[in-house]
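Novice: Single-letter residue listing:
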Amino acid sequence: MTTRVTIPTPLRRFTAEDAEIDVEADTISEILNELDQKYPGLKARLCEENGELRRFFNIYVDEEDVRFLDDLQTKVPAGAEVSIIPAISGGRF
Amino acid sequence: MSFVTGLSCRECGRQYPKRLIAGCQECFAPLKVEYDYEAIGKVLTRDVIRSRDNSIWRYRELLPIDGDPQIGLDTGGTPLVRAERLGNAIGIDELYIKNDSVNFPTLSFKDRVTAVAINKALEFGLQAVGCASTGNLANSVAANAAAAGLPAWILIPDNLEAAKVNATSVYGSHVIAVRGNYDDVNRLCSQIADHYGWGFVNVNLRPYYGDGSKSFGYEIAEQLGWRAPDAIVVPMAGGSLITKTHFGMKEFESLGLLDEPVRTKIFGAQATGCNPITAAVKSGTRKIRPVKPSTIAKSLAIGSPADGYYAVEVITESGGWGEDVTDEEIAENIQLLAETEGIYTETAGGVALGVTRKLVAQGRIKRQDVTVIANTGNGLKTQDALTLQPPRTIEAKLAEFDAAVHELSVTA
Chain W
87 MTTRVTIPTP LRRFTAEDAE IDVEADTISE ILNELDQKYP GLKARLCEEN GELRRFFNIY
147 VDEEDVRFLD DLQTKVPAGA EVSIIPAISG GRF
Chain A
-4 MSFVTGLSCR ECGRQYPKRL IAGCQECFAP LKVEYDYEAI GKVLTRDVIR SRDNSIWRYR
56 ELLPIDGDPQ IGLDTGGTPL VRAERLGNAI GIDELYIKND SVNFPTLSFK DRVTAVAINK
116 ALEFGLQAVG CASTGNLANS VAANAAAAGL PAWILIPDNL EAAKVNATSV YGSHVIAVRG
176 NYDDVNRLCS QIADHYGWGF VNVNLRPYYG DGSKSFGYEI AEQLGWRAPD AIVVPMAGGS
236 LITKTHFGMK EFESLGLLDE PVRTKIFGAQ ATGCNPITAA VKSGTRKIRP VKPSTIAKSL
296 AIGSPADGYY AVEVITESGG WGEDVTDEEI AENIQLLAET EGIYTETAGG VALGVTRKLV
356 AQGRIKRQDV TVIANTGNGL KTQDALTLQP PRTIEAKLAE FDAAVHELSV TA
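From first to last, the protein sequence lines stand for chains W and A.
Plus 86 on top of the position in the first sequence (first one is 1) and you've got the working numbering.
The numbers in the working numbering rise by one with no breaks, and the one at position 345 of the second sequence is 340.
Everything labelled a hint here was simulated from the structure, so no lab data went into it.
Computed from a prediction, not measured in an experiment: that's the story for all the values here.
Ideal Cβ positions, reconstructed from N, Cα and C, are used throughout, including at glycine.
Treat each hint with caution, since some may be false.
[To be verified] Now the in silico label distances, taken between C-beta atoms and shown as ranges:
| id | chain 1 | residue 1 | chain 2 | residue 2 | range |
| --- | --- | --- | --- | --- | --- |
| 1 | A | 249 | W | 105 | 39 to 49 Å |
| 2 | W | 130 | A | 220 | 48 to 58 Å |
| 3 | W | 143 | A | 43 | 53 to 63 Å |
| 4 | A | 142 | W | 103 | 37 to 47 Å |
| 5 | W | 143 | A | 83 | 17 to 27 Å |
| 6 | W | 101 | A | 361 | 48 to 58 Å |
Based on the sequences and whatever the hints tell you, model everything.
Specialist: Here's what the structure looks like:
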């Protein structure tokens, strides 16, 4: 199944400046592995050595943060969009 | 003259020159501003500080702008109120309220951070500034941008009350309502900052913006007579203010401006309906589990706090603690502060006071501890948080007034 992944500006130097990348994968974990195949080193930017997502990044499946789903094991439904977004300071206050 | 030597990554230490930047380009962690403390120590003395205006700029060597400030000249210098009646009510002998509900120009602690960020935007020659916000930050960015003559783009969720929107759009800012909740707005905001090259105060101006909060710590220490308190209770949304308040006091210590080392216990306060940071403190981990906020303390309702990790760190290393209170407790404590000290705080202040009382009950704050409660915003902005008795209505007759006085005095 093909999923479109949005890459944030600071990571685009690892993707030849591509902002959107189509990958064949069913879960977030598979998506990260696929991305790393295409662009070696990208996964190490996003994940700690133990495989956990770094706390400076959020990954969304459509509108939902994967930390509210099954983290990296979250299944990506057909047609869903995946966005990788740097965490930023809140501004609600 | 500037004492800023550059920026550095809080995690990997990588150095960057002063520029518009959101985070480390290698590990994406937040950046901090680096200062030449040796040079600052030669010029910034107690006497020099005392000789200056009562605003955040009396500590200007420790703030990250290069030239003279152009806007926000009256920001900061808010009262440290000795709260005897409240202290008697809750069992603390020497209690203070650091009262940023009267900050300039928009009545919240956010005026400190936006004063720095908008001055920095002017120094960078930016064409526009903006932020994602539902409240105090939006008001403050809009006001200071207007004063600076810069267009402001303020992104808000589409379901906000008209009063909050008006308090931002009155300044002539471009207010864009985004369908979704605050987190959707914030997500879009980080993409816009990437795309347009505008200065978003909480995104690519963030390293500078955050340092405005240090002035909260400087003022408390100076107003206490160049000493740090034994305990301080700070409400937490993203978790930045609490870390910067502590850091500011530590900077004063290392510059030799305090008589004794900082031994302040740092206590963080949240609403039970949005408590990712206090939950982490209580479970002994620095790992923040995001939550879906559900609380009347909307100004604290950030489910995924960017500085949560650092907040937990400063709380635990100081020997402090994190606690949270329910919406009922928040409302009750807004009223307690108003009735004992004549200060009308917003929901975040109700959170801070409610948590202080819990900490006293737990024995974590002791009666003899010199304690400061951070009041970060003004109750006039969150009037819907309280349901109060409507006034007694009478005819314009003395007899009816007499009867009302009699009845109300008996029930009082």
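Novice: Could you run down the list of hints and mark each one as holding or not?
Specialist: Verification of the hints:
no.: 1; hint: A:249 to W:105: 39 to 49 Å; result: holds, 44 Å
no.: 2; hint: W:130 to A:220: 48 to 58 Å; result: holds, 51 Å
no.: 3; hint: W:143 to A:43: 53 to 63 Å; result: violated, 43 Å
no.: 4; hint: A:142 to W:103: 37 to 47 Å; result: holds, 38 Å
no.: 5; hint: W:143 to A:83: 17 to 27 Å; result: violated, 49 Å
no.: 6; hint: W:101 to A:361: 48 to 58 Å; result: holds, 56 Å
When each numbered hint is compared with the structure, violations occur for hints 3, 5.
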